[in-house]
Amino acid sequence: MVHTFLNNTPSVFTPSHKQQLLQLAGDSIRKGLCGETLAVRASDYPEPLRLLRATFVTLHVDAMLRGCIGTLEARRTLVEDVASNAYGAAFRDTRFLTLTWPEYERLDIHISVLSLPEPMQFSSEADLLAQLRPRVDGLVIEESFYRGTFLPSVWEQLPDPREFLRQLKRKAGLPADYWSNSLRVQRYTTESIP
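What the sequence shown shows, in this note's numbering, is residues 1 to 194, in sequence order.
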């Protein structure tokens with residue numbers, strides 16, 4: 001499913017662009033399996049793929065999560081971010097052992113391209129919950145040095161806004177019932193590939 005970004009601009013990615021990004025992610029992982037790092041030159045790609053964008057790359061093997069790594073701030077070109085995060089999801093996600101060749105043969109790659117995060121204004125937890133858009137919003141919460149994010153796809157497992165927020169607080173290292181007037185929340189949307 002393709003989401004428009006918060007400013008309602010349509011996707012700038014054609015089916016060819018999306019295929020190039022998926023191919024790039026696969027190439028980066030293949031290089032990693034050979035003990036190498038893929039060299040990416042943004043100038044070799046069309047303009048939309050050279051934009052500064054933040055991404056997450058999620059890997060599944062036999063429909064089971066096998067790795068997920070991403071960035072929240074756009075600090076490099078889209079192609080560089082995808083290549084780096086694909087490599088990271090396969091070899092640097094500390095929840096899993098590094099990916100193997102047999103797993104690569106059964107690998108499903110998913111790329112989420114993030115919109116720019118938008119700070120949310122709210123007066124209470126109830127106010128924040130009322131503003132959430134299930135299946136649309138990804139959230140970043142921050143409190144002191146605690147920080148966590150859930151992509152919009154997490155709504156599939158946690159469709160209730162209250163539980164979504166509780167689990168995100170836990171992911172950030174906070175108690176599920178934590179609340180503070182200094183809690184910062186940003187939301188973003190993603191364009192999903194494929």
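Please keep in mind that the hints were generated in silico from the structure rather than gathered at the bench. Since we're looking at a predicted model, the values are computed, not measured. Note that beta-carbon positions come from the ideal geometry of N, C-alpha and C, so glycine has one too. Some hints here could point you the wrong way.
To be verified - DEER-style ranges, computed between Cβ atoms:
id, residue 1, residue 2, range
1, Pro119, Arg75, 13 to 23 angstroms
2, Gln131, Glu156, 43 to 53 angstroms
3, Ser124, Ala63, 37 to 47 angstroms
4, Glu125, Pro48, 35 to 45 angstroms
5, Gly35, Ser180, 38 to 48 angstroms
6, Glu47, Leu116, 12 to 22 angstroms
7, Arg75, Gly26, 17 to 27 angstroms
8, Ser144, Trp101, 40 to 50 angstroms
9, Arg30, Ser180, 41 to 51 angstroms
Claimed, not checked - Straight-line Cα separation of at most 20 angstroms, DMTMM-like style, residue types lysine to aspartate or glutamate; simulated pairs:
id, residue 1, residue 2
10, Lys31, Glu105
11, Lys31, Asp44
12, Lys171, Glu142
13, Lys169, Asp127
14, Lys169, Glu142
15, Lys31, Glu47
16, Lys18, Glu47
17, Lys18, Glu36
18, Lys31, Asp93
19, Lys171, Glu125
20, Lys171, Glu73
21, Lys31, Asp108
22, Lys18, Asp44
23, Lys18, Asp108
24, Lys31, Glu142
25, Lys171, Glu156
26, Lys171, Glu143
27, Lys169, Glu143
28, Lys169, Glu105
29, Lys171, Asp93
30, Lys169, Glu125
Status of each hint after checking the structure:
The hint said 13 to 23 angstroms for the Cβ distance between Pro119 and Arg75, and at roughly 19 angstroms that hint holds. Between Gln131 and Glu156 the beta carbons are some 20 angstroms apart, a value that contradicts the proposed interval 43 to 53 angstroms. The hinted window of 37 to 47 angstroms between Ser124 and Ala63 holds, with their beta carbons roughly 39 angstroms apart. In this structure the hint that Glu125 and Pro48 lie 35 to 45 angstroms apart at CB holds, the actual value being about 38 angstroms.
At about 46 angstroms, the CB distance of Gly35 to Ser180 agrees with the hint of 38 to 48 angstroms. Evaluation of the 12 to 22 angstroms hint for Glu47 and Leu116 yields a pass: the beta carbon distance comes to about 18 angstroms. At about 23 angstroms, the CB distance of Arg75 to Gly26 agrees with the hint of 17 to 27 angstroms. At about 43 angstroms, the beta-carbon gap between Ser144 and Trp101 stays in the expected band of 40 to 50 angstroms.
The hinted range of 41 to 51 angstroms is satisfied by Arg30 and Ser180, whose Cβ atoms lie roughly 45 angstroms apart. The suggested pairing of Lys31 with Glu105 holds, with an alpha-carbon distance near 14 angstroms, which does not exceed 20 angstroms. A C-alpha spacing of about 18 angstroms is found between Lys31 and Asp44, which places the hinted pair at or below 20 angstroms, so the restraint holds. As the CA atoms of Lys171 and Glu142 are separated by approximately 11 angstroms, the hinted pair is consistent with the 20 angstroms bound.
For the hint pairing Lys169 with Asp127, the CA-to-CA distance comes to about 16 angstroms; that is within 20 angstroms, so the pair holds. Distance restraint check for Lys169 and Glu142: the Cα-Cα separation of roughly 9 angstroms lies within the 20 angstroms cut-off, and the hinted pair is therefore satisfied. Restraint check for Lys31 and Glu47: not satisfied, since their Cα atoms lie roughly 25 angstroms apart, outside the 20 angstroms limit. Between Lys18 and Glu47, the direct Cα distance comes to roughly 13 angstroms. Compliance with the 20 angstroms bound is thereby established for this hinted pair.
Proximity of Lys18 to Glu36 is assessed by CA-CA distance (about 24 angstroms); at most 20 angstroms being required, the pair is judged violated. Taking the CA atoms of Lys31 and Asp93, the gap is about 17 angstroms. The hint holds against a cut of 20 angstroms. Only pairs whose Cα atoms come within 20 angstroms are accepted, and Lys171 paired with Glu125 is accepted, the gap being roughly 17 angstroms. Proposed proximity of Lys171 and Glu73 is supported: the alpha carbons are some 19 angstroms apart, at most 20 angstroms.
Taking the CA atoms of Lys31 and Asp108, the gap is near 17 angstroms; set against the 20 angstroms cutoff, the hint holds. Note on Lys18 and Asp44: the hinted pairing holds, with a Cα-Cα distance of about 15 angstroms set against a maximum of 20 angstroms. The suggested pairing of Lys18 with Asp108 holds, with an alpha-carbon distance near 14 angstroms, which does not exceed 20 angstroms. In summary, the hint linking Lys31 to Glu142 is not supported, as the alpha carbons are separated by about 35 angstroms, beyond the 20 angstroms threshold.
The suggested pairing of Lys171 with Glu156 holds, with an alpha-carbon distance near 17 angstroms, which does not exceed 20 angstroms. The hinted pair formed by Lys171 and Glu143 meets the criterion: a straight-line CA distance of about 12 angstroms does not exceed 20 angstroms. Between Lys169 and Glu143 the alpha-carbon distance is near 10 angstroms, which keeps this suggested pair within the 20 angstroms criterion. Note on Lys169 and Glu105: the hinted pairing is violated, with a Cα-Cα distance of about 35 angstroms set against a maximum of 20 angstroms.
Straight-line distance between C-alpha atoms of Lys171 and Asp93 comes to about 15 angstroms, which keeps the hinted pair within the 20 angstroms bound. Simply put, Lys169 and Glu125 have alpha-carbon atoms about 12 angstroms apart, close enough for the 20 angstroms limit, and the pair holds.
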